[in-house]
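With the sequences and hints as input, model every part of the structure.
Residues per chain, in single letters:
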Amino acid sequence: MDRPIRVLVAKPGLDGHDRGAKVIARALRDAGMEVIYTGLRQTPEQIVQAAIQEDVDVVAMSILSGAHNHLFPKVVNLLREEGVDDVLVIGGGVIPEDDIPKLKEAGIEEIFTPGTSTKDVVEYIKRNVKR
Amino acid sequence: MNLGERLLNGDRRACARLISMLENNDLEAVSIIKSLYKHSGNAYVIGVTGAPGSGKSTLTDKLAKEFRKRGKKIGILAIDPTSPFTGGAILGDRIRMNDLTLDKNVFIRSMGTRGSLGGMSRAAWGAVKVLDIFGMDYIFIETVGVGQSEVDIVKIADTVLMVMVPNLGDDIQAIKAGIMEIADVFAINKSDLEGADRTKLEIEMNLDLSEKKDYRPPVVKVSASRNQNIDELVDKLIEHRTYLEETGKIVERRKKNIRLEIMKLAEEEFLSLVMNKAHKGNLFDKLVDDVISKKLDPYTAKDMIMDFIKG
Numbered sequence: 004m005d006r007p008i009r010v011l012v013a014k015p016g017l018d019g020h021d022r023g024a025k026v027i028a029r030a031l032r033d034a035g036m037e038v039i040y041t042g043l044r045q046t047p048e049q050i051v052q053a054a055i056q057e058d059v060d061v062v063a064m065s066i067l068s069g070a071h072n073h074l075f076p077k078v079v080n081l082l083r084e085e086g087v088d089d090v091l092v093i094g095g096g097v098i099p100e101d102d103i104p105k106l107k108e109a110g111i112e113e114i115f116t117p118g119t120s121t122k123d124v125v126e127y128i129k130r131n132v133k134r
Numbered sequence: 016m017n018l019g020e021r022l023l024n025g026d027r028r029a030c031a032r033l034i035s036m037l038e039n040n041d042l043e044a045v046s047i048i049k050s051l052y053k054h055s056g057n058a059y060v061i062g063v064t065g066a067p068g069s070g071k072s073t074l075t076d077k078l079a080k081e082f083r084k085r086g087k088k089i090g091i092l093a094i095d096p097t098s099p100f101t102g103g104a105i106l107g108d109r110i111r112m113n114d115l116t117l118d119k120n121v122f123i124r125s126m127g128t129r130g131s132l133g134g135m136s137r138a139a140w141g142a143v144k145v146l147d148i149f150g151m152d153y154i155f156i157e158t159v160g161v162g163q164s165e166v167d168i169v170k171i172a173d174t175v176l177m178v179m180v181p182n183l184g185d186d187i188q189a190i191k192a193g194i195m196e197i198a199d200v201f202a203i204n205k206s207d208l209e210g211a212d213r214t215k216l217e218i219e220m221n222l223d224l225s226e227k228k229d230y231r232p233p234v235v236k237v238s239a240s241r242n243q244n245i246d247e248l249v250d251k252l253i254e255h256r257t258y259l260e261e262t263g264k265i266v267e268r269r270k271k272n273i274r275l276e277i278m279k280l281a282e283e284e285f286l287s288l289v290m291n292k293a294h295k296g297n298l299f300d301k302l303v304d305d306v307i308s309k310k311l312d313p314y315t316a317k318d319m320i321m322d323f324i325k326g
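Chains as they are written, first to last, in this note's numbering: chain B, 4 to 134; chain H, 16 to 326.
I should point out that these hints are in silico values taken from the structure, not numbers from a laboratory. There may be inaccurate statements among the hints.
Claimed, not checked - Here are the simulated SDA-like pairs of lysine to any residue, each with C-alpha atoms no more than 25 Å apart in a straight line:
(1) B/Lys-77 x H/Gly-107
(2) B/Lys-25 x H/Thr-73
(3) B/Lys-129 x B/Gly-23
(4) B/Lys-122 x H/Gly-102
(5) B/Lys-133 x H/Tyr-314
(6) B/Lys-122 x H/Ser-98
(7) B/Lys-133 x H/Asp-26
(8) H/Lys-271 x H/Thr-73
(9) H/Lys-295 x H/Lys-271
(10) H/Lys-301 x H/Tyr-314
What the hints assert, rightly or not - Quick list of simulated restraints, FRET-style, between CB atoms:
(11) H/Ser-164 x B/Asn-80: 43 to 51 Å
(12) H/Pro-67 x B/Asn-80: 33 to 41 Å
(13) B/Gly-19 x H/Gly-296: 58 to 66 Å
(14) B/Asp-101 x H/Lys-53: 43 to 51 Å
(15) B/Ala-70 x H/Met-290: 30 to 38 Å
(16) H/Gly-56 x B/His-73: 43 to 51 Å
(17) B/Gly-19 x H/Asp-304: 50 to 58 Å
Even for Gly, the Cβ is constructed at its ideal location relative to N, Cα and C.
Okay, here's the thing in structure tokens:
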């Protein structure tokens, strides 16, 4: 399979800082992936529709505002409602350790917290894409 | 239901998946398109091209909204460059189109160029067919930001919209060959900036020098971010369509483009056939070495490949 992995990088919620998301987007690009960047302040509905239209392998979300417990699971649920079951959903940002088990239970398959090397994110995606 | 039936039924995931498969040269997708080809031909294709940062995405967003107001279903293919080094890409045109994402009568797809050089993606031809069969009335193709000679958009679009901005070079730019010649409609975007009138004048003067034809590309000043004059621009795009349809030139244009498309498909397959053969037994590598060490020249190397194929 020599097709590029397609990744939607999205910023759900209302925080206005996307430096981290852009650094990740750039690192994925340099790893040979096609990164669809949708910009700030996306609703879960917008993220899911964009993921469908772009037929991505991965949805990678970044949140710094603290709304992750609400928004991350909502995206996973909407994807399921649409019958999308072959997309890897991951999250990153300022996320307290205590919240991580619950998020994973809700279907966010990995959470990357500050200090993660971009190389680790790339490796994780390459190992875990579902098709 | 198979993917083809799902596409005909308006299933967005099937539409998205078929475009991916075509991007990845999947033969199953090609055979689906073959079987559904008779359902295509309803969509009208508008190419949006212009320099990087001229506002193509923002303008495409506003144009799509105006066409939606007029009850049309819209497909958008937004093309951004693929890295020639890593094969990766940042596809960022959707940022300007987020309001359209939830409209069920709009389908937006970002594509990397994946090695094509003319400002287009090779799979754009296939993707247009998918969106056409999916039932879209208008399909916008937004090219990568272009310089002076990336004119492939004219080989796929029914109408080419050239997006200009004020103060990019003097009037000599307007008389150069290449990209300025393919425009059917000019939009001067960001025309709230100083210099827009001068840019319009330069383009008009250049058009004055063209041989008299029965159609002259209109030049419309707009501001996409301020949503100014978009309705007039849409009127001009539709006027060009009407002109092509009433004069029968639309058939001529599409015939020319279909001819080019078939040739391109045959060329690609022929080339890969030849190169696969030439690569066997390292013939190709050996020829490259011989040319670099001056034992051979590139022309003789080519002759040897041709002899090998024929023999």
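Do the hints match the structure? See the list:
1. B/Lys-77 x H/Gly-107: holds, 24 Å
2. B/Lys-25 x H/Thr-73: holds, 20 Å
3. B/Lys-129 x B/Gly-23: holds, 20 Å
4. B/Lys-122 x H/Gly-102: Distance ~17 Å between B/Lys-122 and H/Gly-102 Cα, so the pair holds.
5. B/Lys-133 x H/Tyr-314: This hinted pair is violated, its Cα atoms lying about 47 Å apart.
6. B/Lys-122 x H/Ser-98: Roughly 19 Å separates the two Cα atoms, so the pair holds.
7. B/Lys-133 x H/Asp-26: holds, 22 Å
8. H/Lys-271 x H/Thr-73: violated, 30 Å
9. H/Lys-295 x H/Lys-271: Distance ~36 Å between H/Lys-295 and H/Lys-271 Cα, so the pair is violated.
10. H/Lys-301 x H/Tyr-314: Roughly 15 Å between the alpha carbons, so the hint for H/Lys-301 and H/Tyr-314 holds.
11. H/Ser-164 x B/Asn-80: 43 to 51 Å: holds, 49 Å
12. H/Pro-67 x B/Asn-80: 33 to 41 Å: holds, 38 Å
13. B/Gly-19 x H/Gly-296: 58 to 66 Å: holds, 60 Å
14. B/Asp-101 x H/Lys-53: 43 to 51 Å: At 59 Å between Cβs, range violated.
15. B/Ala-70 x H/Met-290: 30 to 38 Å: violated, 53 Å
16. H/Gly-56 x B/His-73: 43 to 51 Å: At roughly 46 Å between Cβ atoms, B/His-73 and H/Gly-56 fall inside 43 to 51 Å, so the hint holds.
17. B/Gly-19 x H/Asp-304: 50 to 58 Å: Between B/Gly-19 and H/Asp-304, where Cβ atoms are some 56 Å apart, the hint holds.
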